[in-house]
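Chains A and B are the protein sequences, given in the same order. Each residue of the first sequence is one higher than the one before, starting from 1 at the first, in the numbering used here. Each residue of the second sequence is one higher than the one before, starting from 1 at the first, in the numbering used here.
These are calculated hints, taken from the structure and not from any lab test. Do not take every clue at face value.
[Stated by the list, open to error] FRET-style restraints, in silico, Cβ to Cβ:
{"id": "1", "chain 1": "B", "residue 1": "Ser225", "chain 2": "A", "residue 2": "Pro85", "range": "47 to 57 Å"}
{"id": "2", "chain 1": "A", "residue 1": "Leu17", "chain 2": "B", "residue 2": "Arg219", "range": "24 to 34 Å"}
{"id": "3", "chain 1": "B", "residue 1": "Asp223", "chain 2": "A", "residue 2": "Leu15", "range": "23 to 33 Å"}
{"id": "4", "chain 1": "B", "residue 1": "Gln163", "chain 2": "A", "residue 2": "Ser205", "range": "47 to 57 Å"}
{"id": "5", "chain 1": "A", "residue 1": "Asn88", "chain 2": "B", "residue 2": "Ala258", "range": "32 to 42 Å"}
{"id": "6", "chain 1": "B", "residue 1": "Asp125", "chain 2": "A", "residue 2": "Gly35", "range": "20 to 30 Å"}
{"id": "7", "chain 1": "A", "residue 1": "Tyr6", "chain 2": "B", "residue 2": "Ala173", "range": "39 to 49 Å"}
{"id": "8", "chain 1": "B", "residue 1": "Arg193", "chain 2": "A", "residue 2": "Leu89", "range": "23 to 33 Å"}
{"id": "9", "chain 1": "B", "residue 1": "Val69", "chain 2": "A", "residue 2": "Ser205", "range": "33 to 43 Å"}
{"id": "10", "chain 1": "B", "residue 1": "Arg270", "chain 2": "A", "residue 2": "Ala245", "range": "23 to 33 Å"}
Ideal Cβ positions, reconstructed from N, Cα and C, are used throughout, including at glycine.
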Amino acid sequence: MRTSYYFTGTALAILFLFPLVWSGWASVRTDTGFGLENYARLFSSANGIRPVHVLNSVIVSALTVAGTLVVSTFAGYAFGRFRFPGRNLLFLLTLAILMVPYATILIALYVLLGWLGLEDSLIGLSLVLIVFQLPFSVFMMRNSFEAVPIELEESARVDGCSSFGTLVRIMLPAVRPGLVTVGLFAFLSSWSEFFAPLILLNSTSKFTAIVAVVNMRTASHGSIDYAALEAGVVFMAVPCLVLFAFMQRSYVRGFTSGALKG
Amino acid sequence: MRRRAVSGALYATPAALLVGLFFVVPLLLVAWMSLHRWPLLGKPRFNAPANYTAIGDNALLRDAAWFTVQYTVLITVLLLAIAFGLALLVQNRRPGVGFFRTAFFLPMAVGFASASLLFLGLLSDEIGPVPSGGDSPALGSAVLLVLWRFAGFNMLILLTGLQAIPLDVYEAARIDGATRWQLFGRITVPLMRPTIALVLTMMITGSLLAFDQFWILTRGGPDNSTTSLVMVIYREAFVRLDLGSAAGISVVLLVLLAVVSSVQLAVLRRRSA
Numbered sequence: 001m002r003t004s005y006y007f008t009g010t011a012l013a014i015l016f017l018f019p020l021v022w023s024g025w026a027s028v029r030t031d032t033g034f035g036l037e038n039y040a041r042l043f044s045s046a047n048g049i050r051p052v053h054v055l056n057s058v059i060v061s062a063l064t065v066a067g068t069l070v071v072s073t074f075a076g077y078a079f080g081r082f083r084f085p086g087r088n089l090l091f092l093l094t095l096a097i098l099m100v101p102y103a104t105i106l107i108a109l110y111v112l113l114g115w116l117g118l119e120d121s122l123i124g125l126s127l128v129l130i131v132f133q134l135p136f137s138v139f140m141m142r143n144s145f146e147a148v149p150i151e152l153e154e155s156a157r158v159d160g161c162s163s164f165g166t167l168v169r170i171m172l173p174a175v176r177p178g179l180v181t182v183g184l185f186a187f188l189s190s191w192s193e194f195f196a197p198l199i200l201l202n203s204t205s206k207f208t209a210i211v212a213v214v215n216m217r218t219a220s221h222g223s224i225d226y227a228a229l230e231a232g233v234v235f236m237a238v239p240c241l242v243l244f245a246f247m248q249r250s251y252v253r254g255f256t257s258g259a260l261k262g
Numbered sequence: 001m002r003r004r005a006v007s008g009a010l011y012a013t014p015a016a017l018l019v020g021l022f023f024v025v026p027l028l029l030v031a032w033m034s035l036h037r038w039p040l041l042g043k044p045r046f047n048a049p050a051n052y053t054a055i056g057d058n059a060l061l062r063d064a065a066w067f068t069v070q071y072t073v074l075i076t077v078l079l080l081a082i083a084f085g086l087a088l089l090v091q092n093r094r095p096g097v098g099f100f101r102t103a104f105f106l107p108m109a110v111g112f113a114s115a116s117l118l119f120l121g122l123l124s125d126e127i128g129p130v131p132s133g134g135d136s137p138a139l140g141s142a143v144l145l146v147l148w149r150f151a152g153f154n155m156l157i158l159l160t161g162l163q164a165i166p167l168d169v170y171e172a173a174r175i176d177g178a179t180r181w182q183l184f185g186r187i188t189v190p191l192m193r194p195t196i197a198l199v200l201t202m203m204i205t206g207s208l209l210a211f212d213q214f215w216i217l218t219r220g221g222p223d224n225s226t227t228s229l230v231m232v233i234y235r236e237a238f239v240r241l242d243l244g245s246a247a248g249i250s251v252v253l254l255v256l257l258a259v260v261s262s263v264q265l266a267v268l269r270r271r272s273a
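Construct the complete structure from the given sequences, taking the supplied hints into account.
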């Protein structure tokens with residue numbers, strides 16, 4: 001029983017880790033041995049990625065993380081601590097975003113962003129990405145605010161703090177674990193998101209890094225430069241893996257609680 | 001007290017604006033667009049129900065729908081079996097279990113588009129370590145990719161369901177002489193029904209909306225044999241420049257997904273009966 005557990009577990013772990021290890025190996029493997037030539041080609045070939053694409057990705061991720069944190073903190077505070085007209089309707093509507101996968105409404109978002117003058121715009125893309133983070137992050141932040149003991153808030157109010165002062169000075173430190181999970185999620189999904197930028201960004205100079213890397217594959221009609229593609233995979237995955245390693249605990253915990261309590 | 005209500009409403013305003021503008025409006029707009037001839041450039045013109053009647057005549061869409069359904073069944077069966085197996089393997093606290101859980105879940109940290117590129121190389125004849133000998137089956141490579149990337153994620157959700165089953169239920173059944181298979185069939189599966197329903201719904205909706213894996217791995221080929229529904233929507237909109245037709249297909253897909261979600265809700269409700 002014991003040995004079969006370790007044997008099966010180890011064999012499966014190797015199977016699951018193998019593709020990751022292989023892509024790292026393939027990305028530094030060259031004709032003559034090992035080196036960074038594949039990475040050089042990734043950044044220099046005709047359809048390859050450019051520093052501007054990485055910058056675009058950083059901008060989109062930063063806007064999405066910041067926007068998601070601000071909006072879901074305020075909304076979580078409102079849902080967790082206040083009663084106001086339309087509260088339940090808005091909460092249900094926010095959760096309903098989960099039920100409507102955005103692939104089906106992206107065509108309409110494309111037209112809508114055009115009307116708003118936000119076509120082919122990193123800001124427009126970030127707004128859309130924020131909205132699709134909201135169900136999880138608002139839910140998470142509402143739970144975090146509800147978990148803060150009410151006495152803490154009342155003593156602040158007795159001391160003459162406004163509701164905003166209470167939020168900044170008392171509540172924010174108390175809900176920090178929730179903020180970390182929400183921010184991490186927003187980063188991972190905005191950094192790797194492919195379909196939304198593919199639809200909403202038109203000009204090559206606006207592409208995010210992942211769209212540019214995929215473009216290397218789809219724009220080539222002849223042979224594909226697989227080795228440079230694997231360099232692209234590693235380049236995209238490293239920030240996520242590093243963050244993941246640092247925050248695995250809150251990530252996994254946030255994932256399961258958020259997925260199940262819904 | 002009224003001041004509290006006003007402050008609360010103010011704090012909720014940014015979320016309300018975003019949800020209204022970028023969720024409710026597009027939802028109405030996609031339905032509205034589906035009633036029009038809506039070229040990518042140029043003026044829309046009312047033409048209902050042409051976009052819907054055209055769906056029946058669209059041969060590519062018919063093939064894509066059939067392919068997407070086959071793919072969905074295949075993924076759902078395999079992914080549920082593997083994720084459940086993994087969850088059973090790592091459900092007890094034993095030395096090394098944390099490492100196993102992390103190893104199975106780690107692929108989730110790689111973006112899905114990146115993972116598709118990874119498998120494109122991994123399964124290629126040029127640099128892949130497993131030479132597949134000429135044309136590798138296009139569907140098979142996409143299935144492998146999805147199993148690799150999502151098994152650990154679904155394992156984690158099933159694990160929380162497994163751990164919610166009280167241990168004394170198993171003890172009582174074991175004292176009554178139940179075999180391991182009986183424990184699994186009579187206790188684990190029935191008590192896990194809400195969690196299984198949740199996981200199944202995510203697998204089904206996710207597979208019906210498949211895009212990245214086929215766009216990147218197979219480009220829909222060979223001969224459009226791996227073209228998914230969302231790829232047809234993309235093609236209607238940005239290759240044939242007919243947004244109205246794309247919106248019509250989107251609405252049908254939306255209704256289909258709403259049905260799947262409500263079936264899930266029904267299953268979830270029945271558990272208390």
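ask   = Looking back at the hints listed earlier, which ones does the structure fail to meet?
value = The structure conflicts with hints 5, 7 and 10, although it agrees with all the remaining ones.
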